[in-house]
Amino acid sequence: MPVRKKNGQIQIFVDYRDLNKACPKDEFPLSIPELMVDTTALNESLGALLAQVNDEGKESVIYYLSRRLLPTEIQYPSTEKHYLALVFAAQKLRHYMLSHSISLISRVNPLQYLMT
1 MPVRKKNGQI
11 QIFVDYRDLN
21 KACPKDEFPL
31 SIPELMVDTT
41 ALNESLGALL
51 AQVNDEGKES
61 VIYYLSRRLL
71 PTEIQYPSTE
81 KHYLALVFAA
91 QKLRHYMLSH
101 SISLISRVNP
111 LQYLMT
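Note that the UniProt record's numbering numbers the sequence shown so that position 89 is 89, with each residue one more than the last.
In short, the hints are calculated from the structure, not lab data. Computed from a predicted structure; not experimentally measured. Glycine residues also receive a C-beta, built at the ideal position from the N, C-alpha and C atoms. Treat the hints with caution; some may be incorrect.
As the list claims (entries may be wrong) - Restraint ranges, calculated between C-beta atoms of paired labels, are given here: (1) L42 - A90: 14 to 22 angstroms; (2) P2 - Y63: 40 to 48 angstroms; (3) P33 - S66: 18 to 26 angstroms; (4) I105 - I74: 37 to 45 angstroms.
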């Protein structure tokens, strides 16, 4: 829509409000890939990664997380460190977990027991 400015020039604006009504709707939804969270706990640090399987069937990493343990956390038993890594990943990746289905990859039996 053309609009005349104060100095006499004409400026053109596009009204996008009715654009969604004018566009045809897709008959199919976009595929949303399942995401995977892998956590690890070492002696002095925690780590996690968020990954998805790409079209070739390979795992591609989306996001890496890590942090050092506090002096009191270093004294935790190994299982509690793994639980702490899971809580750390869940807090940092919450927005992904709310909008996608997530698979937890764990190599520790207590975590598998906790998830059943």
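If any of the earlier hints don't hold here, list their numbers in rising order. The structure breaks only hint 4.
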